[in-house]
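With chain A's structure known, arrange chains B, C and D on it following the hints.
Here are the chains, one letter per residue:
Number of protein chains: 4
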Amino acid sequence: MAGNVFGQMFRITTWGESHGKAVGVVVDGLPAGLPFSEADIQKELDRRRPGQSEVSTPRHEADRVEILSGIFEGMSTGTPVSMLVWNSDARSSAYDVIKDTPRPGHADFTYMARYGMRDHRGGGRSSARETIGRVAGGALAKLLLSRFGILIAGHVLELGALRAKPLSFEEILENVEKTPVRCADLEAAEKMLEKVAALRQEGDSIGGIVELIIRGVPAGLGEPVFDRLDADLAKALMSIPAVKGFEIGAGFEAARLYGSEMNDPFRIKEGKITTSSNNAGGILGGISTGLDIVCRAAVKPTPSIGKVQQTVDLKTLENTEIAIKGRHDPTIPPRMVPVAEAMVALVIADHMLRSGFINPRTLLE
Amino acid sequence: MAGNVFGQMFRITTWGESHGKAVGVVVDGLPAGLPFSEADIQKELDRRRPGQSEVSTPRHEADRVEILSGIFEGMSTGTPVSMLVWNSDARSSAYDVIKDTPRPGHADFTYMARYGMRDHRGGGRSSARETIGRVAGGALAKLLLSRFGILIAGHVLELGALRAKPLSFEEILENVEKTPVRCADLEAAEKMLEKVAALRQEGDSIGGIVELIIRGVPAGLGEPVFDRLDADLAKALMSIPAVKGFEIGAGFEAARLYGSEMNDPFRIKEGKITTSSNNAGGILGGISTGLDIVCRAAVKPTPSIGKVQQTVDLKTLENTEIAIKGRHDPTIPPRMVPVAEAMVALVIADHMLRSGFINPRTLLE
Amino acid sequence: MAGNVFGQMFRITTWGESHGKAVGVVVDGLPAGLPFSEADIQKELDRRRPGQSEVSTPRHEADRVEILSGIFEGMSTGTPVSMLVWNSDARSSAYDVIKDTPRPGHADFTYMARYGMRDHRGGGRSSARETIGRVAGGALAKLLLSRFGILIAGHVLELGALRAKPLSFEEILENVEKTPVRCADLEAAEKMLEKVAALRQEGDSIGGIVELIIRGVPAGLGEPVFDRLDADLAKALMSIPAVKGFEIGAGFEAARLYGSEMNDPFRIKEGKITTSSNNAGGILGGISTGLDIVCRAAVKPTPSIGKVQQTVDLKTLENTEIAIKGRHDPTIPPRMVPVAEAMVALVIADHMLRSGFINPRTLLE
Amino acid sequence: MAGNVFGQMFRITTWGESHGKAVGVVVDGLPAGLPFSEADIQKELDRRRPGQSEVSTPRHEADRVEILSGIFEGMSTGTPVSMLVWNSDARSSAYDVIKDTPRPGHADFTYMARYGMRDHRGGGRSSARETIGRVAGGALAKLLLSRFGILIAGHVLELGALRAKPLSFEEILENVEKTPVRCADLEAAEKMLEKVAALRQEGDSIGGIVELIIRGVPAGLGEPVFDRLDADLAKALMSIPAVKGFEIGAGFEAARLYGSEMNDPFRIKEGKITTSSNNAGGILGGISTGLDIVCRAAVKPTPSIGKVQQTVDLKTLENTEIAIKGRHDPTIPPRMVPVAEAMVALVIADHMLRSGFINPRTLLE
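Protein chains in written order, with full-length UniProt numbering: chain A, 1 to 365; chain B, 1 to 365; chain C, 1 to 365; chain D, 1 to 365.
If you're looking for bench data, these hints aren't it; they were derived computationally from the structure.
Don't take every hint at face value.
Unchecked claim - Only some residues are given here: those of chain B computed to face chain C with a beta carbon under 10 Å: (1) Q8; (2) F10; (3) T13; (4) K21; (5) F72; (6) T79; (7) V81; (8) Y111; (9) N319; (10) R361; (11) E365.
Backbone N, C-alpha and C fix where the C-beta goes; we use that ideal spot for every residue, glycine too.
Bound-form chain A, shown alone (with noise of 0.2 Å):
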């Protein structure tokens, strides 16, 4: 079973390497009767983009999305969307180096073993480009569950070991893209940045943790025993790469509180059963609750360092070193919270279709 696709009834499947013709993704499942138009999209792939200021590599490219197909008079039909995004600025030969010296933190070893070959050119198909597919295809997701009620808000929890504040759901989403670090504590965002920066003339990096709040998911989404929610969520967020964790809820804390602390209350409020504290994350038994759904992905710092590094050579076999060249982001987290939303938008999606909350036939009935 080939690995690119992702989903079973809201399906995506990306291409595309990162100096090939093009990087996209095909749509699979969206029902019939949403409008939507390129800007839509874009305005995710804009938010992925690099260079948008000193956190993120200044490689320019405009990404813009073309729409192949799958949609009439600006609205979905019930046939894939093809989406596509042209690869413009790509200085291949600066990754020669690169070729038989595989970058430590990097998959260039690991391709190598598991393909016997590799395009090397910019980490090929390993390259973070590869997620454009993933934004464009969760843009259509986050849209059609927008339809239903259901919001997502990521922001940068964690970044080099300084932590945000606690915020409520409408903060973050007023704040976290008022900074590049998209932290929506606009406090720990100044001290963050200054720590990037200094980071930056170092030529080290550094990880942090993106948190992804999911708001308005009705109780009772959920495939027990294997597709839990959360089980699919873990999936989705471990599947971007640099991704070393996931934890919902109380998450590694929840090891060691005791039972009589873990454990959400049931309450009765203005008529409904809730839970009068949100420990579970909002999801028991791989089902939903009804409650927010809070998860938090672990980011290891981005492996593309200026430092000299130990490495070896493929072709002799000997120890050798590496100093790797080329425009980097010294952290992760801040790009990869528009694709964190974007996973989670597909699985969120996924399941409603899987569990009949949206009919995957049409939206015009």
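Relative to the frame of chain A, chains B, C and D by itself:
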């Protein structure tokens, strides 16, 4: 897409409820030619079985596995292996109290929201008893993998904030079964046992962390961009009841490391490419490096506690209280170890078949 | 991808060999809230059961179904339904002769080529006994569909070149079970019975055609471009042992018609859109039209015949002969009718769930 | 589960409408290390292309394929291969007449029923133009299979009740492209051409039968009990627009044969096991025997005909008439040959990978 099937080429379907007639599994995709017997399965089921000691529930069930198909003259035939365990010790009436009052931290409420009804006896399908099918299927996966030199060591790394000291793969294998907490650091295990005993008295519970180490996986296993080996391991472990977090290698700690600390330098060792550290946890770009795969699951405290808790009445929609009686483990990680090993084995076996490292037709060539 | 799972949202996994301990099925995806009992399943199994008359093998087995999970207080719970039938009347030694001499027309040789070994007793997994799981799973699909007004009528249209005259849906339902050949044209049935009796004497066998009519399917069911309703029906029926052809509507006859003959004119009837003929067989562009779905399966003669046949010795690789003894139907179509109905029901139920015509979560809303 | 993805390990996703911007395909699962170029794809597309002769529509499109990903230095990389063909010659207004009057025999009505709307221009997604993606994907499958000695010969066996005489595999390969009807019996081809020319005058159309012969498939390919090789071939061919029937080997004729006629005797030939006839069509029990796989698809006449036909008005729900103008093939089978070959190639490639006959990781070992 119904959610009780796991895996692509090594695929299990589990079935059964806590107080139904039986629980079981069908394994589809085991290649022909693997010698096995009920003893191989029983060994793993006995590790999962309750009533083994003071850390687990005293519910006594033989849990004898019966193999119904897929075997001929002591060898797998390549056809589905159906296995079941009869339910015997089922005191259903003990659960009448929870019929209309959902237990905090349990799936009672969400199953009602999802299905409009539920078999409330013992948690029904959401019971940990469901994992019997996983362990039986995983036992076959482990056996298959062992033929290809792949071994899995699971152990309790942390329980109630008590953490085991770092131990080697061999030490873990040697010590893990020596105490009922399945912590291979025997000193820490002692303290954990004390803590669990105290909690049992208080009617409370505690969480912990289970770690899995997989040795012998060849470099080159994994299917980017979505079916990365780490993403599939995350889904597998997050699908186990009570798991709230997953991490691989440095995991959440990676979020606080510099790139110069996180990156594992490549080195030549005995003529082969390896890395001098393993912060990656054996996976780069979603593909195995050939080093040990190291991942962890955060486990919440047992939701069933003796203390009085707040809940609601599903029929009257009024606030009420519940005090859960009955037989419950005060902590889950020790018994989760064989379940987590099973899930991990299923993922690795699946990928070994998908990637052609194991011939999916037959072992007899 | 192992091949013993069928369907996406209404998904069955069958298991078991002719002379193993039992045969069975796990049904995943039956929505919660469907009342059912073992009697509903048994009714269909009894139609499939051998030993019913002179047209089928005298092997006598009770074939009593046991439901092991997925039911609570007489109603489906939305969790997997596991069902099994124990094998009882298993004279394995009767099959020793075929261990090394593959029977012409059987899967003995190809199973050896595929798996490198096989359970030769009674054909093992390739035995028609495997279809018990399909019939049990299909019985649940039929029951579910009947709640939505969908009925399936299967019958023997042709046997040994004797063809039934055209009959209405109602006539088929009324007459099909009146004779053991399951031909609803009772005059033709008489002649078929005579032919079969003569063949039994001669130690030969004959094929036929099974027709399925599905009434009540709403217009708009099917998932182009690959998961067309007719393509999925074709796969379903072609997956039954001994089926060599499939056609829908005018079928192979369509290859000889003019467009002006083949096209079904659209007409308004009682304010609704219909067609005045049904050469399409109820499906256009892979999507149901709302008219009866009519499809047929061509069934080869029973490969097990009493006459001496040429074969080879798998060990010595020399030519030899075989005369198959034992209990075999001289013709397959009559007993295939319930199996074909089951497969068709599984496809329709799957698509009704995939398309949102049936709520996949629960029937209790 | 959206229906535009086909295959498990060699998996294609097609997209595009007749009058959208482009049509295309993403191929996921092509192993690394296969040399290929646009010329390999173009060759097959040119065979499918309209406007080749008097038997096909004079619509002229270059249909130039563009490969966008998955290739590096002329070799497959193991990552998805995205290919597209721009739509150029699109006279949309010619189709305004069919917006509200569904064409008999077309999917216009069912697409409305399924999606609640449709892109009516040229049939939109239900247009035969959709098969471009299949042919492009199938071209890669054919190329891969040819490396393993597997060849596919498709030809028109019957057209308008005129049937080709029996021909050898070699004769078919040699003659099939000599006439625009793709019948390898050149005398029959002559008569078919005359018949088609006459029909064009009359404004009518005719059906036919396409036969596929697959040579070189090793014994042991297929995944019982559901993913039998013949069942998957049936689904593949039945998924092509206008196909109304499928048969393998003796096919529907098998329904009238005696077992003593139908069974293929096993024989030793040059030290290997074979059969002296091939009524099975190369598949027993769903698994290949190693002999030629021979299957056929029944194709209905082109539904678009010049004659006046009865239909309805979708808006007023009144009876009306339609006379279809525009450019249409009077018969489909000749142009279907490359499409059918593509579908068959996709199935065989998929199973070769699933069964481990082809290493799914790479061809470079």
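Cross-check of the supplied hints:
The beta carbon of Q8 (chain B) is positioned within 10 Å of a beta carbon in chain C (closest approach about 5 Å), and the interface hint is therefore held. Taken as an interface hint, F10 (chain B) checks out: its beta carbon lies about 7 Å from the nearest beta carbon of chain C, inside 10 Å. The beta carbon of T13 (chain B) comes within 5 Å of a beta carbon in chain C, closer than 10 Å, and the hint placing it at the interface holds. A least Cβ separation of about 5 Å between K21 (chain B) and chain C falls short of the 10 Å threshold, and the interface hint therefore holds.
Checking F72 (chain B) against chain C by beta carbon gives a least distance of about 4 Å; that is within 10 Å, so the hint holds. A distance limit of 10 Å between C-beta atoms decides the matter here; for T79 (chain B) the minimum to chain C is near 4 Å, and the interface restraint holds. Given the 10 Å rule on beta carbons, the hint for V81 (chain B) holds: about 7 Å separates it from the nearest Cβ of chain C. A distance limit of 10 Å between C-beta atoms decides the matter here; for Y111 (chain B) the minimum to chain C is near 8 Å, and the interface restraint holds.
Annotation: N319 (chain B) was flagged as interfacial toward chain C, and the flag is violated, the nearest CB pair being 25 Å apart, outside 10 Å. With its C-beta approaching chain C no nearer than about 6 Å, R361 (chain B) sits inside the 10 Å limit, and its interface hint holds. At a threshold of 10 Å, the smallest CB-CB gap from E365 (chain B) to chain C is about 6 Å, leaving the interface hint in force.
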